[in-house]
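Protein chains: 2
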Amino acid sequence: MAAAAAAGAGDGPEEVPNRRVVLKRYVTGFPSEDDMELVAGAARLAVPPGSQAVVVKNLYVSCDPYMRNRMSKHEDPSYVPDFVPGEVLVNFGVCKVVASGHPDFKIGDLVWGMTGWEEYTLIPNPESFFKINHPELPLSYYTGVLGMPGLTAYIGFFNVAKPKKGDYVFVSAASGAVGQIVGQLAKLTGCYVVGSAGSDEKVNLLKTKFRFDEAFNYKKEKDLNATLKRYFPEGIDIYFENVGGAMLDAVLLNMRLRGRIPVCGMISQYNKEQPEGTRNLFCLVAKRVRMEGFIVTDHFGEYRKFEEEMVRYLKEGKINYVEDVADGLEKAPAALIALFTGANVGKQLVAVSRE
Amino acid sequence: MAAAAAAGAGDGPEEVPNRRVVLKRYVTGFPSEDDMELVAGAARLAVPPGSQAVVVKNLYVSCDPYMRNRMSKHEDPSYVPDFVPGEVLVNFGVCKVVASGHPDFKIGDLVWGMTGWEEYTLIPNPESFFKINHPELPLSYYTGVLGMPGLTAYIGFFNVAKPKKGDYVFVSAASGAVGQIVGQLAKLTGCYVVGSAGSDEKVNLLKTKFRFDEAFNYKKEKDLNATLKRYFPEGIDIYFENVGGAMLDAVLLNMRLRGRIPVCGMISQYNKEQPEGTRNLFCLVAKRVRMEGFIVTDHFGEYRKFEEEMVRYLKEGKINYVEDVADGLEKAPAALIALFTGANVGKQLVAVSRE
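Residue numbers (the UniProt record's numbering), protein chains in the order written: chain Z, 1 to 355; chain E, 1 to 355.
What the hints contain is simulated information worked out from the structure, not anything from laboratory work. One should not assume that every hint holds.
Derived contacts from chain E toward chain Z, CB cut-off under 10 angstroms, selection only [what the hints assert, rightly or not]: (1) Thr227; (2) Asp249; (3) Leu284; (4) Phe294; (5) Ile295; (6) Asp298; (7) Gly301; (8) Lys318.
Simulated pairs of lysine-lysine, BS3-like, Cα-Cα distance not exceeding 25 angstroms [what the hints assert, rightly or not]: (9) Z:Lys229 to Z:Lys187; (10) Z:Lys164 to Z:Lys305; (11) Z:Lys315 to Z:Lys165; (12) Z:Lys73 to E:Lys164; (13) E:Lys187 to E:Lys209; (14) Z:Lys305 to Z:Lys331; (15) E:Lys187 to E:Lys164; (16) Z:Lys162 to Z:Lys73; (17) Z:Lys164 to E:Lys162; (18) E:Lys162 to Z:Lys162; (19) Z:Lys229 to E:Lys73; (20) Z:Lys131 to Z:Lys57; (21) E:Lys331 to E:Lys57; (22) E:Lys164 to Z:Lys162; (23) E:Lys131 to E:Lys57.
The beta-carbon is built from N, C-alpha and C at its ideal position, and this holds for glycine as well.
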């Protein structure tokens, strides 16, 4: 108690319960809810004296496929640090500042950034957080269409794929957080857009709510090469790659001259002990195709421009957005697993506190 | 004889023997000399009246790995037309004009372009041929360092890989027609360059004649990932891809942030019924790598600029060049097969006639 008091900010820290989702063990193969655990904890709603930290109350946390990589132990340092067994999971979330030692953040500020899967999180370096400029829209949107996945779609499509009006665009995992935005941005650019998804419900969403020109359920297709030839008799100019595996191999056979493949992710491979091999890479030569990986955090400098443009599209009804909200931290492990079984419909997130 | 006379250009066509190498049958798997055949034929050293064709005497013809693709029957039209059984093989070669109906070409002109594996070839559209501006250099160089493979190296390295001084560059098939030029262009650009090849003799050539910083015999390496980590402790900025397969997978694990992989060819895969799978493509995301295929014929507009620059390097001794010359059309089938067994040392070509 003496130590706790010493860490207080002047008038004594208030200690509150803080439930948190921790990684129970490193994952191999397909993850399960049991690989995570909801545990009790405590938080002090005050920052260490003299620090520029803030304490946030977490409102919404995002479930994103890339988190799977962080659940395994890697020998080589990956592009993101591995989670640590016994420690809280972290990812992008929407938060309210409840204590601040930083001049740019005051109590009550709404922000989004990298936070914990818990009720309250101490953020030592809040400079990486964005303030939420449009709280008139649902705050949860800042885990998706107005947050990391939305910017991912925007950067991958415009900066990496460099689309032209009339381009033939194919999007896999098309009803997901990124795919639904890519497809709609492509339609706004004057492209022809086809999406694939893993259920008829999602396919219907693509064709109605998200206004894709065509969509198909890849689980019902026996020969993906033939399927793509049917939807793209002229070939594919842009393939927005979210899945890898058999779909990528079929796409390579159907790329058009000087096509582009922004590589956003390869969700079909994340739970395999050894990734599937891609056999048709020679098509890169024959069709002069560019395949390029990117990571959205390299492009956070473009966030404010993106945010204003996307807010305008949302308010004008030019972009629709579907999210799948799990209520409460206790639902968080199942929500994360849903990404890999495809149980979610639209962008998966967890409402930690609706307040 | 009446028809032959009618086809003559005024003073009657001279008919001469014309040995030619034809494709005997479509190839599956590893090609053999028996898949080709040297047959007797005849040529008229005159162009059809009123045409703008030329007839050339073939001096040197080039053996290039991409020819393997043309020896099989493809359902989908590939980027180059398939050869036809019973018909002469064609590829780039160095020729002398012996008859011309074209105002830009006169008898005696030295040219290079797409010609037949035979003694004489009728070229209906000679506009695609380049005149040889530097006959003071060995004419055979126009099948290699001053021809298609040289321009391939130049375009792939400068236009596609976009090198910077100090970049770490890895070249596979490094003693071949393209590889030896890429490595030396990289050294001239101030890069650190390592090459792989399939024999100690070739490795020695890389380190001495071609001035690579390091080189290794990939056939002696048990773990290519470990090998590359040894030669590139900081990672690879540019991988000039000539081979595909296991080497590509090892390279992907060792790419540096924002690395580039110009894809020139994948010779290790051309004779496989089904290409090997590449498993480590997720590295494109983690390291934001760009992988881009290209074909030199798209860039022939840059040939004259390239020719002058390369001639200067050759005359100043800044670029060395090693070729492997098979003498006579009867050696041509074996020379082509050598590319796939690795028996050639340096750029493989066939001297049809030294005259």
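Okay, the hints, checked on the actual structure:
1. Thr227: Violated: closest Cβ of chain Z sits about 16 angstroms from E:Thr227, beyond 10 angstroms.
2. Asp249: holds (8 angstroms)
3. Leu284: holds (4 angstroms)
4. Phe294: holds (6 angstroms)
5. Ile295: holds (6 angstroms)
6. Asp298: Holds, because the Cβ-Cβ distance from E:Asp298 to chain Z comes to roughly 7 angstroms (cut-off 10 angstroms).
7. Gly301: Check failed: Cβ of E:Gly301 comes no nearer than 15 angstroms to chain Z, outside 10 angstroms.
8. Lys318: Hint violated; E:Lys318 Cβ to chain Z Cβ min 29 angstroms, cut 10 angstroms.
9. Z:Lys229 to Z:Lys187: Answer holds: Z:Lys229 to Z:Lys187 is near 21 angstroms, not above 25 angstroms.
10. Z:Lys164 to Z:Lys305: Holds. Z:Lys164 to Z:Lys305 sits at ~21 angstroms (cutoff 25 angstroms).
11. Z:Lys315 to Z:Lys165: Holds, because 24 angstroms separates the two Cα atoms, which is no more than 25 angstroms.
12. Z:Lys73 to E:Lys164: violated (34 angstroms)
13. E:Lys187 to E:Lys209: holds (13 angstroms)
14. Z:Lys305 to Z:Lys331: Judged against 25 angstroms, a Cα distance of about 34 angstroms means the pair is violated.
15. E:Lys187 to E:Lys164: Holds. E:Lys187 to E:Lys164 sits at ~11 angstroms (cutoff 25 angstroms).
16. Z:Lys162 to Z:Lys73: violated (35 angstroms)
17. Z:Lys164 to E:Lys162: Holds, because 24 angstroms separates the two Cα atoms, which is no more than 25 angstroms.
18. E:Lys162 to Z:Lys162: holds (18 angstroms)
19. Z:Lys229 to E:Lys73: Distance of about 20 angstroms is within 25 angstroms: holds.
20. Z:Lys131 to Z:Lys57: holds (14 angstroms)
21. E:Lys331 to E:Lys57: holds (18 angstroms)
22. E:Lys164 to Z:Lys162: Holds. E:Lys164 to Z:Lys162 sits at ~24 angstroms (cutoff 25 angstroms).
23. E:Lys131 to E:Lys57: The given pair, whose Cα atoms are some 14 angstroms apart, holds under the 25 angstroms limit.
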